[in-house]
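Student: Top to bottom, those sequences are chains A and B.
Counting with our numbering, you get residues 1 to 466 for the letters of the first sequence.
Counting with our numbering, you get residues 1 to 103 for the letters of the second sequence.
Errors might be hidden in some of the hints.
As the list claims (entries may be wrong) - Which bits of chain A does chain B cover? Going by a derived footprint, with three or more residues having C-beta under 8 Å, they are:
#1 142-153
#2 168-180
#3 329-341
#4 370-384
As the list claims (entries may be wrong) - Pulled a few chain A residues facing chain B out of the computed Cβ check, cut under 7 Å:
#5 PRO158
#6 LEU161
#7 HIS270
#8 ASP274
#9 TYR275
#10 ARG393
Keep in mind that the hints were calculated from the coordinates and are not lab data.
Glycine included, C-beta positions come from ideal geometry on N, C-alpha and C.
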Amino acid sequence: MKDMSYGAIMGRRNDIMKKAVGINYEEFSRGRFAFDYEEMMRKVGYTLDEIRSIQRETDVGETPLWEMKNLTRLARKLAPAGKGARIFIKDEAANPSGSFKARRASVSVYRAQQEGYKGVVSATSGNYGAAVASQAGKRNMDCIVVQEVFDSKGDGQPEILEKGRKCEAYGAEVLQLTVGPELFYTFLRVLEETGFFNASLYTPFGIAGVETLGYEVATELKEKEGRFPDKVLITHAGGGNLTGTARGLKKAGAENTEIVGVSVDLTGLHSASDYDFNRKSFTTGHTGFGVPFTTWPDRADVPLNAARSLRYMDRYLTVTQGQVFYATEALAQLEGLERGPAGNTSLAAALVLAGEMDRDEILVVQETEYTGAGKHPTAQLTFAREKGIEVRRGDPHEEKPGENVLIPRGPQDLFYKEMELDRLRKSYLKALQKQHPAPYSPEERDFLTEELKVDQEKLEELLKSI
Amino acid sequence: MERARKGDWVQVHQVIFSPGERSPNIPEETKKVPLELRVKGWLAIPEAQVGEEAVIKTPAGRELEGRLVAVNPPFTHGFGKPVQELLEIGPELRALLREEGAK
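If we strip away everything but chain B, and leave its shape as in the complex, we get (with noise of 0.2 Å):
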């Protein structure tokens, strides 16, 4: 299990509400899971291991408690894939300007 130590960027975990407790004007299947919070910041406390509580401080300098759930997370988005269906569409455009009449 991955452990963090006093200074280490990590990131923490709380529900907010479980099922029970969210709103009633919500659609059924948001009503089934909990309100949940990710928060990242500096570990506390002397050191701890993924899956304990843990407590944090934040970039605007609070205090903030929950479980730790990840050490140092990475950025998980990217570009993604290139797509086929917008490469052809550059060529295309470019074709049609060439033609003449395109004025």
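Chain A with its partners taken away, still in its complex shape (with noise of 0.2 Å):
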């Protein structure tokens, strides 16, 4: 009989990795840590173009642009004279599972039919669960994901017990967890008693279908309105929505947009505490995931994250969970579209943001999720109010994550907090000399430059102040 207890199975965790995403991750190993990403991700990957038609196979993509005119005119009427840019979002829920995921599901599975595996696992809570399902239910393959939906007394968390349940329509088993990180020793389990392909987030080939989201920004902006967005607003967590629309938007020729990361504002939460679980009304686009996962991606479940946020990021911003029920509520009232908290986060700093802009730039929201059940923001506040949690009216300067949740008093409340991204690199490099101290290479040192998008000087600067 084999061992399956937790020490057991953790240690035998990279042979385990290696056979459920058939990636020889040490091929591009350059090093102590260096490793050569372009490479990781042409030879594995594949290309724009592979991707698109892997894509049309099961519909996914090609969704459509839309200009958010009342919410522009409302973004202006509150900013200085002359300032407001127009606001355009990409409708991402008229994707096959709803949101943006199933542009990284449909590579992942593509590649697992294509190598022979039977069917594929994945470890999420998010709409990357029932992503994966819905391309494995297409393609006629078994799937199993593994969620955590529950804390110790058995209250599932709303918004994950609908995605819990969109999995199962769409004929997937769900394992459904109480909170932990050992979540991922359950995962490990899985894949080896199965020998099913690990759908990860973080493969190039999930990250690489993302780029077609970024390309399909770009050029259909250029198409209908001649030319580029100036700003691109990512709701940000894991970090794959990130890199993947930059890497698109690049390949498109948009050189020159800037790069805006968004996530919610949950700071002081623990994201592995049992009492921490329910006191927060988002379950992912926060600084829970956000923060961690740019600081140090090689967290992930593969051995090498596709998803790298610094290499691509130009800012980064937090909004307030009352603010993204807010612009939750003014995208339904004044656009009528009805949409779910993922890219109504970043929507909500667009707001702000839109109003810091001239009226000739173009901002793009680039993505929207479904709604329903769980996910919607009576669904969410009914759940918040039931665990105590005060919910009323006030500046949302004041809200303090698992105590209250602020609904902004007007738009004037809308802000943005900015974090600086220093200060995000200096804990990259804090994190990387614990397990490698300086100093560091030539070779090395041109890793981090690219891992950080600083220069030689910058880097140096920030090698000394840490």
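With the hints as a guide, bring the two chains together.
Tutor: Written as structure tokens, this is what we have:
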């Protein structure tokens, strides 16, 4: 009998992963920690044209890009004279499973089928589970989704319950766990027992799948309006949406578009806490994923994470939970689009950011997601009140995650907080130094300048300051 | 006690780690409670009562064991209650855009 204890399974982790993703990550390694990122994306991934044809096979992508005329009017009303960029939104909810995650899943499931795997497994409590299940259904493959759903009282986060239901609707087996990072153990065990493919969010396949989103945003806008977007706002968690979109924009030639990551500020809530778990109204797109994945991407479920946001991010903004609910309401009431929390996180920041831009400029919120039971603001705020969270209208500056949700008193209350990228870069370097102490070789320094999107001089300055 | 027959859609429960077996690097409140798993599928044994050990066949075709906790479990999430603080936003924003100079 094989040893299935925690220690034994974790000890076999590299072997299990190698079999389950079919990538020999070692071949991209260039020393202690440096690796050839572009070589990995090229060799393992697919060209943009190949991805587009894979996605066409299963009805993914080519979603509409809409101009939000009323939200633009609103932003202009709040802005100083002459200011107020036009706001566009990419309606990714039109994908088969209701979110951009279909792009990511499509390539993984295609690859799994090509390589002869019988099924796919994914560890995710997000829309990605439904996306993998939907794509697996289209290719007649088995699918298992491992989710973190309940606290120890058996109370399920309504949004994750909905995501589980959706996975079941597409024919997946759903393993619903209580809170804890040992989810990874369960995931590894399932991979080993089934021999299925690891449809990880963080392989080159998954990230390449998102490149079409950035490519479409750039080319469609160019065709419609004669220019590339000035800013693209991307709701940020694990980094795949940001990385893939930014790469796609560049491939379309939109070299000067500013890449802005946006997360819901959940500062103070611990992601592995049984108590904090059900005290938040957002299950993803928040700082609890966004910050750690930015500063240490290789915490993912594959040896080398293809989602590396510091390589592409120009700015990182946070908004409060209450502001996202406000933006969700504004989108429904003024634009007739009832959509879920993911894209609306960026939309909340967009309403402020647009007011700082010139009128001839264009800002794109690059995703929407479906909404419904569990995901809807009424579901989340009812749940929050049941947990003793105060919900009222008030100044969102005073919101304290886990204690209250403050719904802005009017659009003038909307704001964003800017997270200093240098602070994130320093955290990255600190985490790196713990595992791989300085000094760094010239090759390692080259790698780091790419990882952090800085020049040698700046890298030196950052290294000195930590 | 509710009874399930072979082929019924049911939910089973397993304790994966008891409190003493949990990963050391997690918050205290999480360490104090077990890691639990719930999973749904079709009952794969002739019959079982809620509370008894059972075997299910999952949609992915796997056979899994666990304690039977529910027969045809309902979806418990919904839209919640209307939220007064949100209901106000639409009329406010529409009024704002109706004002002159909203271009």
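Student: It remains to establish, for every hint, whether it holds in the given structure.
Tutor: Going down the list of hints, with the structure as the test:
1. 142-153: Check passed, 6 qualifying residues.
2. 168-180: Result for this restraint: holds, n = 11.
3. 329-341: holds (count 5)
4. 370-384: Holds, because 10 residues of the segment 370-384 of chain A bring their Cβ atoms closer than 8 Å to Cβ atoms of chain B.
5. PRO158: With Cβ-Cβ at 4 Å, under 7 Å, it holds.
6. LEU161: At 4 Å from the nearest chain B Cβ, A:LEU161 passes the 7 Å test, so the hint holds.
7. HIS270: holds (6 Å)
8. ASP274: holds (4 Å)
9. TYR275: Check passed: Cβ of A:TYR275 comes within 5 Å of chain B, closer than 7 Å.
10. ARG393: holds (5 Å)
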